[in-house]
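**Student:** Going down the list, the protein sequences come from chains A and X.
Just so we're aligned, residue 2 is where the first sequence starts under the numbering used here, counting upward by one.
Just so we're aligned, residue 5 is where the second sequence starts under the numbering used here, counting upward by one.
The set of hints was computed from the structure by calculation and includes no laboratory data.
Here a beta-carbon is modelled for each residue, glycine too, at the ideal position from N, C-alpha and C.
One or more hints might be untrue.
[To be verified] Sample of chain A residues at the chain X side, in silico, Cβ under 10 Å:
id, residue
1, A8
2, R75
3, T77
4, L92
5, C95
6, Q120
[Said to hold, decoys possible] Chain A stretches covered by chain X per the calculated footprint, using a threshold of three residues with CB under 8 Å from any CB of chain X:
id, stretch
7, 18-32
8, 67-73
[Unchecked claim] Label-pair distances were calculated between CB atoms; the ranges are:
id, chain 1, residue 1, chain 2, residue 2, range
9, X, Q54, A, W69, 17 to 27 Å
10, X, S176, A, W69, 21 to 31 Å
11, X, R86, A, D28, 38 to 48 Å
12, X, R86, A, Q120, 52 to 62 Å
13, A, E39, X, I45, 42 to 52 Å
14, X, M53, A, W69, 43 to 53 Å
15, A, Q110, X, R11, 23 to 33 Å
16, A, Q83, X, L15, 27 to 37 Å
17, X, L68, A, E25, 11 to 21 Å
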Amino acid sequence: MRRLWGAVGGMALLLALALWNAAELEDFTQTLSDTLREAEQRVEAGDWAEAQDLTKEAKTTWDQRDLWLHVTLRHTDTDAVQTGFDQVLALIDCQDQAEYASASAQLLQRLSLMAAGEQLTLANLF
Amino acid sequence: MAVALVRTVILYLIIIVGIRLMGKRQVGELEPSELVLDLIIADLAAVPMQDYGIPLLSGIGPILVLLCLTMVLSVLTMKSLRFRALLCGRPSIIVRDGQVDQREMRRNRFTLDELHEELRCQGVADLDTVKYAILETNGQLSVLLKAAEQPVTAGQIGLKPPETGLPTVLISDGRLLRRNLQRRGYNDTWLQKELKKRHLSREDEVFLLTVDEQGTVRCTPREENP
């Protein structure tokens with residue numbers, strides 16, 4: 002019986018960790034998205050310097066969790082977000098508003114899809 | 005990750021049902037749950053091994069879940085006969101008193117060719133000599149001959165041959181297995197005496213030396229390298 006409960010407990014622990022990971026990822030990407038949206042608003046107001054600071058802040062936050070993200074997510078997804086940040090920062094440097102808006106929207110979409118893909122939903126299961 | 009874990013459980017259960025429906029002949033020498041475990045673990049381990057873009061954790065997590073599931077199922081099969089029958093199936097009597105049960109054969113998708121092949125493998129040529137042929141849950145066929153067809157045993161003709169018991173290896177390929185020597189209650193002096201009897205002086209001159217429970221020593225000297 003001890004083996005049975007050990008195995009059931011093991012599975013419950015793995016599932017709990019996975020669910021915690023999904024919730025944590027959703028919070029994390031939400032924070033990044035909020036910062037990036039704020040940067041978008043600054044660009045619309047013509048404040049490129051503040052937009053750059055906010056985007057850099059979001060990228061630093063992303064880099065700080067790099068190990069966790071690489072261990073738990075597909076590397077193609079994490080690499081795409083990393084490239085997205087670099088592209089958005091480059092377009093801020095160029096101050097090209099149309100291109101920036103497109104790249105930022107794409108980055109926000111990637112972050113949102115990445116978090117959604119980890120949620121335990123029927124759509125993801127089947 | 006949570007999606008991968010729950011998907012693993014769903015696929016594991018679906019494949020077990022699939023293997024059970026495929027019948028005993030597909031199982032080989034493993035129980036259905038063991039076969040499914042081997043199939044999926046091999047695949048789960050191979051994918052992150054080959055694709056560096058997939059985190060190792062996405063292979064390790066499902067493998068851990070599978071091991072836990074197998075543990076749960078094995079405990080449940082020990083506790084409940086009904087669950088064991090559901091998971092592993094029941095043995096099927098294919099031949100009874102020399103008569104083939106065609107319904108059981110159809111149910112197990114077991115062909116006459118396969119039956120004859122299995123019987124021949126077990127040295128049985130005539131179906132009339134078979135009392136029972138049972139298709140076990142692991143896909144093996146057990147054949148029990150009629151009493152009149154079974155070989156005579158020493159007990160049946162009143163003989164009492166000595167029990168030789170399990171032979172213990174004392175020297176294997178020139179290496180003395182001291183633990184086995186001590187377990188059988190012998191020592192180096194006894195071993196040297198036995199070697200001397202066979203015109204040998206050292207352990208490394210022996211390829212294999214065994215002793216059974218009657219104390220009978222069998223020795224194969226090592227051949228010289230060509």
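**Student:** Hints first: check each against the structure and report whether it holds.
**Tutor:** Here is how each hint holds up against the structure:
For A8/A, the suggested interface contact is upheld, since its CB lies about 4 Å from the closest CB of chain X, less than 10 Å. Satisfaction of the interface hint for R75/A is found here, the shortest Cβ-Cβ separation to chain X being roughly 6 Å, below the 10 Å cut-off. Taking 10 Å as the C-beta cut-off, the interface hint given for T77/A holds, the closest approach to chain X being about 5 Å. Interface hint status for L92/A: violated, as the beta-carbon distance to the closest one in chain X is roughly 27 Å, over 10 Å.
With its C-beta approaching chain X no nearer than about 31 Å, C95/A sits outside the 10 Å limit, and its interface hint is violated. With a cut of 10 Å, the hint placing Q120/A at the interface with chain X holds, because the nearest CB-to-CB distance is about 8 Å. Counting residues of the stretch 18-32 of chain A whose CB lies closer than 8 Å to any CB of chain X gives 5, which reaches the minimum of 3, so the coverage claim holds. Interface restraint, the stretch 67-73 of chain A with chain X: holds (3 residues with C-beta to C-beta distance below 8 Å; minimum three).
Between Q54/X and W69/A the Cβ separation comes to about 24 Å, which falls inside the hinted range of 17 to 27 Å. One distance hint, 21 to 31 Å for the beta-carbon pair S176/X and W69/A, is violated here, with the actual separation near 51 Å. At roughly 46 Å, the beta-carbon separation of R86/X and D28/A lies within the given 38 to 48 Å, and the hint holds. At about 37 Å, the CB distance of R86/X to Q120/A disagrees with the hint of 52 to 62 Å.
At about 47 Å, the CB distance of E39/A to I45/X agrees with the hint of 42 to 52 Å. Evaluation of the 43 to 53 Å hint for M53/X and W69/A yields a failure: the beta carbon distance comes to about 22 Å. At roughly 24 Å, the beta-carbon separation of Q110/A and R11/X lies within the given 23 to 33 Å, and the hint holds. The beta-carbon spacing between Q83/A and L15/X, approximately 32 Å, falls within the hinted interval of 27 to 37 Å.
At about 20 Å, the CB distance of L68/X to E25/A agrees with the hint of 11 to 21 Å.
Violated hints, listed in ascending order, are 4, 5, 10, 12, 14; each of the other numbered hints is respected by the structure.
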